[in-house]
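J.: Read off the chains here:
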Amino acid sequence: MINNNISQKDSDTKKGDESVLNRRLFLRSAGIATAVGTLAIGACKDDDDDMTPSTGTTVDLGRDDVGILNYAYALEQLEAAFYEQVVKTPYTGITAAETAILTDIRDHEIIHRDFFKAALTAAAPTQIIPSLEVDFSSIDFTNRAKVLGAAKLFEDTGVAAYNGAGKFIKNATYLTLAGKIVSVEARHAAAISDLITPKTADFASDTQIDTNGLDKATPSATILAAVQPYLKTKISGANLPK
Amino acid sequence: MDIFKIVDEIQKIDGDAMGRLEHATRRHFMSKIGSKLAAVAVPTVFASIVNKAYAQSAGAIDILNFALTLEYLEDDFYKQANGTANLIPAADKVIFTQIGKHETQHVAFLKGALGTKAVAKPTFDFTGKGAFASVFTDYNTFLTVSHALEDTGVRAYKGQAGGLMADPALLEYALQVHSVEARHASIVRKLLGAATGNASIKSWITGNAGAPAAVYAGEDNKTQGGVDLTGLAGKSDAAITEAFDEPLTKEQVLAIAGLFL
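Protein sequence lines, in the order shown, are assigned to chains A and B.
Here the working numbering is used: position 15 in the first sequence is 15, and no number is missing along the way.
Here the working numbering is used: position 244 in the second sequence is 1244, and no number is missing along the way.
Honestly, the hints are just simulated from the structure, not real lab data.
Accuracy of the hints is not assured; some may be wrong.
What the hints assert, rightly or not - Keeping only pairs whose Cα atoms sit at most 30 Å apart, straight-line, the calculated DSBU-like set for lysine-lysine is:
{"hint": "1", "chain 1": "A", "residue 1": "Lys-216", "chain 2": "A", "residue 2": "Lys-232"}
{"hint": "2", "chain 1": "B", "residue 1": "Lys-1111", "chain 2": "A", "residue 2": "Lys-117"}
{"hint": "3", "chain 1": "B", "residue 1": "Lys-1093", "chain 2": "A", "residue 2": "Lys-199"}
{"hint": "4", "chain 1": "A", "residue 1": "Lys-146", "chain 2": "A", "residue 2": "Lys-232"}
{"hint": "5", "chain 1": "B", "residue 1": "Lys-1111", "chain 2": "B", "residue 2": "Lys-1222"}
{"hint": "6", "chain 1": "A", "residue 1": "Lys-242", "chain 2": "A", "residue 2": "Lys-199"}
{"hint": "7", "chain 1": "B", "residue 1": "Lys-1101", "chain 2": "B", "residue 2": "Lys-1121"}
{"hint": "8", "chain 1": "B", "residue 1": "Lys-1111", "chain 2": "A", "residue 2": "Lys-88"}
{"hint": "9", "chain 1": "A", "residue 1": "Lys-216", "chain 2": "B", "residue 2": "Lys-1111"}
{"hint": "10", "chain 1": "A", "residue 1": "Lys-216", "chain 2": "B", "residue 2": "Lys-1117"}
{"hint": "11", "chain 1": "A", "residue 1": "Lys-216", "chain 2": "B", "residue 2": "Lys-1121"}
{"hint": "12", "chain 1": "B", "residue 1": "Lys-1093", "chain 2": "A", "residue 2": "Lys-146"}
{"hint": "13", "chain 1": "B", "residue 1": "Lys-1111", "chain 2": "B", "residue 2": "Lys-1101"}
{"hint": "14", "chain 1": "A", "residue 1": "Lys-216", "chain 2": "B", "residue 2": "Lys-1250"}
{"hint": "15", "chain 1": "A", "residue 1": "Lys-88", "chain 2": "A", "residue 2": "Lys-242"}
{"hint": "16", "chain 1": "B", "residue 1": "Lys-1121", "chain 2": "B", "residue 2": "Lys-1250"}
Using the sequences and the accompanying hints, generate a full structural model.
T.: Printed below as a string of structure tokens:
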């Protein structure tokens, strides 16, 4: 099984301690994942044969772990750009406490975005997606309810996206990284909900959390369709594992 | 959820799994899921399937029982708190009722998945052997223990993700619980910051600040994927540590839980 090959090689070089991975090792294991990933296409049961090649107007996220990292990078680009705008042009009546929360979230999303950019540039320089062009023309940035509503949508979408992608990640280091980020997105989602409807159950509402107490885990195709209206750049996740 | 793929994955890990799916053939399972049950019921059905075939791998059972122990702890904690008069202010009751509901659901879900292999519920001492003697009489003390338990839960699930990679369905469920715990942590931390007047306690964890210290050990890490992020995008160390939550090992979590056993 391909997964085992990768983890075997990882553990050979990693000496069992991912936390002390040096930069070179990070690159090397990413390279292995990419190289083996190409071979894996025929071997895996993923029905991802419907390849849509990138065209001049569509950005293809790619396949395997690099594709998932690009997927995360795309979502973080969107979130970072959104909060940059929110902080730059605050909505009418914003409070100091709200500014503090939204500025913190902006900084976290910028850090996530720039982290993925650095990681992908190092690990897969030929496969990293470009900077995306956003389209927030449908959001009235002067209107508190519209801004916070969009923020909630982006945060809940981010949580569901990471939750849905986790099981397809082949490299344990990447899975842990996704885990480190998704819980911060969930913290954001709850904090934003509490600004919209304070002191209610909406921080983890019954529409977001099912009767088993589980948050959403949503396939990439559904997520990408939901966020495409906020992007001028057309994105394709056709080759992502699913 | 791609049921076909999950069943295939089960077969890869445990070649005899289908033989142990006592209820039915794969086709019957699919038709039950497809036609008779609402989408919300699928995880419950799947939990019983997991019990019969999937969680037989020793590693997965250990992880699920570890998670169940933590969920027992949280569930008992909120049951006691929600049942204590004059502890939680009226305005905040809706929040802790919702959190308690989720913890009860997590216990039921994990017990369903583990069946007879589920560990028994331990007896808890939420005063932390006296460290939090006023946990059910003083709201700020209650909030302190609550935020510590939620943040521990987030870190505990995160630490087990790698161990579930061979079990994609279980990994996904674990991630779905993990983000719910993070939502809980976020709101409780906000309440704690407000109740104590400590503006440095935010919905996210800054550096390794927080009590008990063992719960927040290592949260000040700035190295991600082998790269030191200090100074990334011109952001502060505080922001960089807030942007990434850190895992705890099972041993670290059990040491924390031991405070309450």
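J.: Next, verify each hint and record whether it holds.
T.: Okay, the hints, checked on the actual structure:
1. A:Lys-216 - A:Lys-232: holds, 26 Å
2. B:Lys-1111 - A:Lys-117: violated, 41 Å
3. B:Lys-1093 - A:Lys-199: Holds, because 9 Å separates the two Cα atoms, which is no more than 30 Å.
4. A:Lys-146 - A:Lys-232: holds, 20 Å
5. B:Lys-1111 - B:Lys-1222: violated, 37 Å
6. A:Lys-242 - A:Lys-199: Not satisfied, since the Cα-Cα distance of roughly 38 Å exceeds 30 Å.
7. B:Lys-1101 - B:Lys-1121: holds, 18 Å
8. B:Lys-1111 - A:Lys-88: violated, 49 Å
9. A:Lys-216 - B:Lys-1111: With Cα atoms ~21 Å apart, A:Lys-216 and B:Lys-1111 stay inside 30 Å; holds.
10. A:Lys-216 - B:Lys-1117: OK: A:Lys-216 and B:Lys-1117 at ~27 Å, within 30 Å.
11. A:Lys-216 - B:Lys-1121: holds, 28 Å
12. B:Lys-1093 - A:Lys-146: holds, 28 Å
13. B:Lys-1111 - B:Lys-1101: Answer holds: B:Lys-1111 to B:Lys-1101 is near 15 Å, not above 30 Å.
14. A:Lys-216 - B:Lys-1250: holds, 25 Å
15. A:Lys-88 - A:Lys-242: Between A:Lys-88 and A:Lys-242 the Cα gap is close to 38 Å, so the pair fails against 30 Å, i.e. violated.
16. B:Lys-1121 - B:Lys-1250: Given pair B:Lys-1121, B:Lys-1250 holds - Cα atoms ~18 Å apart, limit 30 Å.
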